[in-house]
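S.K.: Listed below are the residues making up each chain.
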Amino acid sequence: MKQIVVISGKGGTGKTVITASFAALAKNKIMVDADVDAANLYLLLNPKIKSENAYVGSQSAFIDAEKCIGCGKCEEVCRFSAIAEKDEVYCVDDLSCEGCGSCVLVCPEKAITLEKEETGKWFVSDTKYGPFVHAKLAIAQENSGKLVSVIREKAKDIAVEKNADYVIIDGPPGIGCPVIASLSGIDTAIVVTEPSLSGMHDMERVIGVAKHFGVETKAIINKYDINLENTENIKKFCEKERIEVLGHLPFSDIVSHSIVKGVPIVEFCDEKIAKDIANIWEKIK
Amino acid sequence: MIIAVASGKGGTGKTLVATGLALSLKDNVQFFDCDVEEPNASIFLKPKIEKKEIVYLPKPIVEPSHCTGCGKCAEVCQYNAIAVVKGKVLIFNELCHSCGACSLACPEKAIFEVDSEKGVLEGGRSNDIEFWQGSLKVGEAAPTPLIKALKKKVDNKKTVIIDSSPGTSCPMVEAVKDADFVILVTEPTPFGLNDLTLAIEVVRQLKIPFGVIINRCDKGDEKVELYCQENKIPILIRIPFDRKIAELYSKGIPFVTEKKEYLVKFREMFKLINKELS
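Chains A and B are the protein sequences, given in the same order.
Start counting the first sequence at 1494; every next residue gets the next number (our numbering).
Start counting the second sequence at 107; every next residue gets the next number (our numbering).
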């Protein structure tokens, strides 16, 4: 079984459109949407939810006002500026609290407890392309990396059970914790980039992260015809870094039409772009 | 006044809007690139960097001669960053949140903390604009401490423009949370609408007034328009797709320098935001 993740660094380069097409092209696979705080892959796969599960991703300190004597030791040790005094009562700002429990340790009155919070849901669904594991992180939550690990673990279990050949993962943008969680145990990371200076800068950083964790990367240049000179520079960079460029895709209006229709582009049309993506998948599989 | 530019979905044009707005206002502007995972605004504003500050966070280190292997540290660590195996303490730095609970809990005072580099803050000027950006060290997981450090440079007397990271989780919240107004940039596709509604939930929870800019407004469907109408959300600017804008963007040229009509649009939008807030 091969685990493949599609990442980009910069957002909006085409990760989800390409992942959905791989989902339609690959045989015997499980899909995962690891972009848990702005999940979009479901819009192209039309899943039927089979099971819904609570994700208890974080906890927050809670101060019992009855027991609090207002000594302020909790505020002193809190490194996240999450505790403040209001009218001689200490209160926790849930958005800032990281649930570390330092305040619990120092409170002489045992007035503080950590309360677990349900901070998202994850789903196992059926799609016409196969099983799909996805999630919805509640807004403004942390620990999205942990939720990514939870759904990837589930997808791996299903893959083993079904003897699947591939786990295909739509990754999040950026280089932080959800990206790191998306890269662990991956066989190939596909970096989708675009020939803008921003896209190139962000691609170099995310390739750096993949390298840091010892994951092999390959590249796809999307919207290559927006800037041919930059496209050449990306190819040179990849050659220097020994990163295989799997192919380049043109800027095309059909992409947004296929998103509006909610269909992977390889099933939406048989234009060149669809054939190009199919060729890319042939090289990956 | 602090204006934050956010989006939910990535690649909708946050940096395009944030840098365009900064260049339209010029005077008394302080610009913060708070997308510390992938900072891009400097590509467009080309600031002259004058200051560099490395951001450190404390990491625990165990003094083996004092450690009895009691396991208290592992027990209190809420992030599973410490394991005690056969009396030996193992610390997984990438999971550590630098909260200090382990050193508070250690009965032998065997844990002390050392500085560990998380990233770098850079400050400078781009003509009349004061520019700041943060850049997360590659391989580090947590962007929020860097965003916090960056926002300490905010000068409330200035017009502060914040370019946020995409998404709706902790880094986005940290970037927008003290803003007086949030501009949400979206695109009129089901992806754009899905992520816009999530981003709106966040700014509503934070009780910050907001408006929407629809980028590439003619590439998709009507649903974002309708959603904004139904929910009485002001659409601040509509930017039709223009290949020229995409080409300028690809070269790192701020589109307002060639599409001067947008200078006027951004200034009008700024006036409108001011009026709404007063």
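It is worth saying that the hints were derived from the structure and are not from the lab.
Even for Gly, the Cβ is constructed at its ideal location relative to N, Cα and C.
Please note: incorrect hints may appear among the correct ones.
[To be verified] Derived coverage of chain B by chain A (criterion: at least 3 residues anywhere in the stretch with Cβ under 8 Å from a Cβ of chain A; other residues may be distant):
#1 194 to 206
#2 307 to 315
#3 330 to 343
[What the hints assert, rightly or not] Below are the DSBU-like pairs computed for lysine-lysine, each with C-alpha atoms no more than 35 Å apart in a straight line:
#4 LYS215(B) <-> LYS1566(A)
#5 LYS1603(A) <-> LYS192(B)
#6 LYS1649(A) <-> LYS192(B)
#7 LYS1649(A) <-> LYS165(B)
#8 LYS283(B) <-> LYS1629(A)
#9 LYS1704(A) <-> LYS154(B)
S.K.: Taking the hints in turn, state whether each one holds.
M.R.: Evaluated hints:
Only when three residues or more bring their CB closer than 8 Å to a CB of chain A does the claim for the stretch 194 to 206 of chain B stand; here the count is 5, and the claim holds. Counting residues of the stretch 307 to 315 of chain B whose C-beta lies closer than 8 Å to any C-beta of chain A gives 4; at least three are required, and the coverage claim holds. With 0 residues having a Cβ less than 8 Å from any Cβ of chain A, the stretch 330 to 343 of chain B misses the three-residue criterion, and the hint is violated. About 19 Å separates the Cα atoms of LYS215(B) and LYS1566(A), which keeps this hinted pair within 35 Å; it holds.
With a CA separation close to 31 Å, the supplied pair LYS1603(A) and LYS192(B) stays within the 35 Å bound. About 31 Å separates the Cα atoms of LYS1649(A) and LYS192(B), which keeps this hinted pair within 35 Å; it holds. For the suggested pair LYS1649(A) and LYS165(B), the alpha carbons sit about 33 Å apart, so the restraint of at most 35 Å is met. As the CA atoms of LYS283(B) and LYS1629(A) are separated by approximately 21 Å, the hinted pair is consistent with the 35 Å bound.
For the proposed pair LYS1704(A) and LYS154(B), the alpha carbon gap of about 30 Å is at most 35 Å, so the pair holds.
Comparing the model with each numbered hint stated earlier shows that hint 3 is the single one that does not hold.
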